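Using my numbering, the letters of the sequence shown map in sequence onto residues 604 to 900.
Hints in this document: simulated from the structure, not taken from any laboratory.
Quick caveat: nothing in here was measured; it's all calculated off a predicted structure.
Even for Gly, the Cβ is constructed at its ideal location relative to N, Cα and C.
Computed spacing ranges between beta-carbons, pair by pair:
(1) LYS807 with MET604: 25 to 31 angstroms
(2) ARG658 with GLU858: 33 to 39 angstroms
(3) GLU622 with GLY644: 18 to 24 angstroms
(4) ARG720 with SER767: 50 to 56 angstroms
(5) ASN718 with LYS900: 31 to 37 angstroms
(6) ILE768 with ASN632: 53 to 59 angstroms
(7) LYS848 with LYS800: 29 to 35 angstroms
Below 30 angstroms or equal to it, Euclidean Cα-Cα: the simulated BS3-like pairs (lysine-lysine) are:
(8) LYS686 with LYS676
(9) LYS879 with LYS676
(10) LYS800 with LYS864
(11) LYS686 with LYS662
(12) LYS807 with LYS690
(13) LYS848 with LYS752
(14) LYS875 with LYS751
(15) LYS635 with LYS704
(16) LYS676 with LYS704
(17) LYS752 with LYS676
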Amino acid sequence: MYFFTFVILHYIVIDDTVECIDSILENTNYEKYKIVVVDNGSPNGTGKILFERYRNNNKVIVTLNNENIGFSKGNNIGYRLAKYQLKSDFIMLLNNDTIIKQKDFVEKIINKYNNERFDILGPDIISLSDNGHQNPQRTQGMSLKELKKNIYYLRIFLISNYLSIETLTTKLLGIRSKLKSKIYKIRNTEEKHFEKKIYEYEQKNIQLHGSCLIFSPQYVNRYDGLYEETFMFLEEDILFFMAKKYKLITLYTPEIYIYHKEDSSTDAISNKNYLKRRFIYKYTLESSKVLLSLMKK
Numbered sequence: 604m605y606f607f608t609f610v611i612l613h614y615i616v617i618d619d620t621v622e623c624i625d626s627i628l629e630n631t632n633y634e635k636y637k638i639v640v641v642d643n644g645s646p647n648g649t650g651k652i653l654f655e656r657y658r659n660n661n662k663v664i665v666t667l668n669n670e671n672i673g674f675s676k677g678n679n680i681g682y683r684l685a686k687y688q689l690k691s692d693f694i695m696l697l698n699n700d701t702i703i704k705q706k707d708f709v710e711k712i713i714n715k716y717n718n719e720r721f722d723i724l725g726p727d728i729i730s731l732s733d734n735g736h737q738n739p740q741r742t743q744g745m746s747l748k749e750l751k752k753n754i755y756y757l758r759i760f761l762i763s764n765y766l767s768i769e770t771l772t773t774k775l776l777g778i779r780s781k782l783k784s785k786i787y788k789i790r791n792t793e794e795k796h797f798e799k800k801i802y803e804y805e806q807k808n809i810q811l812h813g814s815c816l817i818f819s820p821q822y823v824n825r826y827d828g829l830y831e832e833t834f835m836f837l838e839e840d841i842l843f844f845m846a847k848k849y850k851l852i853t854l855y856t857p858e859i860y861i862y863h864k865e866d867s868s869t870d871a872i873s874n875k876n877y878l879k880r881r882f883i884y885k886y887t888l889e890s891s892k893v894l895l896s897l898m899k900k
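Model the full assembly from the supplied sequences, consistent with the hints where possible.
Shown next, in the form of structure tokens:
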């Protein structure tokens, strides 16, 4: 019997994390599993609260980082604990603002692996804000031309934000309507095919949404987690680029599903919109440069 581990990266927003953990505990019939919660240096002390809350639950392990080391590195702490200490076969990286309701969630993943031998699996991810379907993201990875264009715009966005002239800049450039859509396209890199109901059928070798990534024994045996030279954003783009480079199989299936609240930890960074935008611009730009360097190798 395979050993399955859920890895949840926690930052500040404890109510979401508790709901996520409890949804797994309440709905998982599979016996051989653990939940690893990584507190990513939450400044409000919620990591310690989680530790105390679940210290007597033998299904849950809470580990505390001293500082916020970013999305990939934070997840990799949990991934490596699952791989080397728990000897997990399957490792699932799950956002803390997600909810699982399928009783046979793990069993379906294992059955799918036995039939398809995927490296990375993504479920149907249903947004609780608009009922949209966030998987699959893209059928083709970001091109070099597209990436360079994104970097150009991100630099403009970031400088304008620091100078408090975002509105003026976008008006002068005549791209006010484009600017908002551009930054969210860069962040999410989603092809909006929902009207075609692309989410209704299974697909291979496509880009998967980063809020839920399921790594099979094939992947776990070869790799120690995510590429971790970024702090936040574009993890999916980098993972898909690496998957294509090393001929890994990515698979989307609607047979398993989760619910996603979206961006609660990012929202918790600041209650001021301009600071949140600055955070997004800055780290999306940095991640874009990392992806660019990988493409040029």
